[in-house]
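Undergrad: One letter stands for each residue in the lines below.
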Amino acid sequence: MISKFRELFKYRNLLINLTKKELKVKYRGSILGFFWSLLNPILMTLVYSFVFSVVMRTGIKEFAVFLISALLPWNFLANSINLGVGSVVGNSALVKKIYFPREILPLSIIFSNFVNFMLELVALLIFLAVMRYPFYKILYYLPLVIIVQIFLVVGMTLIVSSLNVVFRDIQHLVTIFMLVWFFGTPIIYPISMVPKNFQILFIANPMSVITIFYRNMFYSVKFPELMLFPSLRSILVAVAVSILIFFAGYFLFKRLEPRFAEEI
Amino acid sequence: MEAAVVLSNVTKKYRIVHDKNPSLKETIIHLRRTTHEDFLALDNVSFKVQKGETFGIIGPNGSGKSTALKLLSRIMLPTSGKIEINGTVSALLELGAGFHPDLTGKENIYLNAAILGLDSRFVAERFDEIVGFAELEKFIDMPVKNYSSGMYVRLGFAIAVNVNPDILLVDEVLTVGDQAFQAKCLTRIYDFMRSRKTIIIVSHDLDMISNICNRALFLYQGKKIKEAAAAEAVREYRSFIEEMELEKELAASGAVQASQILQSAERFGSGEAEIFDVHLEDMNGSSSTHFRSGDDAAIVLKVKFHKDVDDPIFGIRITNELNINTYGTNTYIKGKRTGKFKKNEEREIIFRQPLSLIKGKYFITAAVSHRDGKRYYDWRTNIAEFTVVDEESSEGVANLNSEIVIK
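Note that the protein sequences, when read in sequence, are chains Z and Y. The numbering of the first sequence is the working numbering, which starts it at 1 and goes up by one. The numbering of the second sequence is the working numbering, which starts it at 265 and goes up by one.
Possibly wrong hints are sitting among the right ones.
Said to hold, decoys possible - As a list, the in silico DSSO-like pairs of lysine-lysine whose alpha-carbon atoms are at most 30 Å apart:
1) Y:K315 with Z:K4
2) Y:K448 with Y:K487
3) Z:K97 with Y:K370
4) Z:K97 with Y:K346
5) Z:K96 with Y:K461
6) Z:K26 with Y:K461
The hints are simulated quantities; they were obtained by calculation from the structure and are not laboratory data.
Based on the sequences and whatever the hints tell you, model everything.
TA: Okay, structure coming up:
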């Protein structure tokens with residue numbers, strides 16, 4: 001496995017170039033370019049804010065910030081998986097003609113989404129500063145949370161992208177699965193709204209713990225009474241599950257990799 | 265000598281699934297993949313390529329050539345058997361692989377170079393050279409979707425020539441493009457050969473294979489037929505194809521065969537015409553086998569026709585003792601129409617030329633083919649020989665008879 005990682009490192013130049021390609025191609029020809037990646041969550045936040053604060057009146061304070069602090073990390077996960085699922089199948093010309101470690105294809109999708117995510121976070125932090133949020137208070141969690149999330153994102157994307165080569169149904173399943181996952185994660189509602197006996201179900205989802213941390217860092221710092229940390233046990237479970245998914249994804253991908261050139 | 269590539273008993277089986285990409289539902293219901301057949305793309309093939317060798321792989325379509333290259337480049341793994349590779353490998357299986365239509369030529373250079381395993385800094389240094397080589401200075405900031413197919417291939421090639429592996433794998437790519445382009449490709453391959461790199465080429469261009477390769481492998485339906493010196497493997501392949509065409513024709517016509525020609529690597533053909541004698545004559549018209557360097561000589565082909573034949577091509581090739589092709593020509597190259605030949609006619613075809621060769625022993629191969637240049641009526645390897653005498657012992661093959669002046 002170490003030799004596999006070393007080989008991947010040898011191909012880092014390809015990974016960087018493919019990531020750049022993803023970023024360039026995404027916004028080439030659109031007038032607003034990168035701003036779409038900011039505009040998109042902002043517009044979504046406006047729509048949800050209207051529905052939840054004006055129509056349904058959930059009474060959540062400053063709903064826009066409440067939502068966007070969880071929506072940005074979710075978008076990183078969801079975009080990586082949704083775009084990553086077809087990354088091997090969609091590059092059949094490359095896979096059939098050139099040798100390189102195939103995980104570079106889904107990884108380049110993840111990396112480009114990660115770059116977007118980072119830029120969005122910078123924009124969010126600037127916005128929070130302007131809005132006088134004490135966002136700096138527990139920001140030291142950020143690197144750790146991001147690392148755990150990356151394990152989860154990479155693992156999931158490797159799983160779906162390699163399975164999709166063998167079963168093309170996966171890409172359709174993923175769409176539904178992501179919808180269920182979205183509503184199964186406390187993004188548009190706080191975890192405290194979930195009935196007590198259901199909460200365990202939500203906490204078993206590592207994305208819940210990750211989301212709760214992001215929300216604490218960006219939103220709840222202004223409303224300390226809403227600050228809510230999952231128990232140490234659920235944190236450990238979330239970390240363990242994320243790492244487990246990472247390795248499961250990696251081994252599944254490597255297991256199926258020899259079949260790629262023949263199956264697509 | 266050290267081996268660059270060793271294949272031992274390599275088999276590659278493709279599974280031809282009758283319904284490609286079964287759905288999850290089917291798989292779950294049947295608990296197995298849908299019905300399939302196995303197809304042996306390579307059947308227990310072993311061969312060895314030495315370091316510094318230029319090695320050709322030939323065979324008709326579907327013989328497993330491309331599969332062999334894909335296994336060597338690690339795009340696929342063998343079903344069984346062992347592949348040993350000593351050194352870095354680059355495969356030129358497709359030009360411009362991974363070009364993105366929306367990116368500019370410049371951006372695609374970096375992307376494609378990365379795909380081929382080239383370092384970005386290295387590409388930055390060579391950037392102008394690459395653009396110049398592709399002759400795309402004016403268009404380099406334009407998206408490649410606006411390129412013509414020629415520009416596309418040129419750019420792909422300009423990037424690809426920069427790969428510098430220990431072992432280079434080349435697929436049919438070199439046979440695309442115009443002549444100037446092919447010449448460029450060959451120049452690059454010669455550079456590679458000169459720097460003693462290992463090259464493995466798959467091609468249908470048999471003349472190219474026998475000219476530039478040291479050795480060649482002849483595959484047929486996934487099986488190794490012959491691994492030998494390139495010229496020999498090509499000869500074997502030609503006679504093999506000839507025989508197959510013959511069988512096909514026979515099966516098609518059901519008629520009595522015109523040919524009494526025994527098929528072998530040395531002699532093959534469908535027999536509509538038969539070369540029954542080749543000899544050389546000196547300036548006075550008398551038969552001879554010894555000539556002084558530079559003497560005029562006539563090479564006389566005596567040909568008997570067993571069928572009516574229209575405008576066939578007659579050709580000769582002169583090789584030296586090292587089996588190096590020193591000269592070859594034919595009536596087609598010379599732009600000479602040969603006219604009609606009747607059944608049972610016997611004719612002489614005379615090639616006249618000065619023998620500007622260095623001293624040594626030479627062999628003549630003669631052939632007559634259908635006017636398409638592909639189907640041979642009769643091919644005779646080394647059917648005649650002659651000796652060139654000279655007091656000088658010059659080097660090389662040709663005697664250009666230099667006059668030396670000192671000023």
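Undergrad: What hints, given by number in increasing order, does this structure fail?
TA: 2, 6
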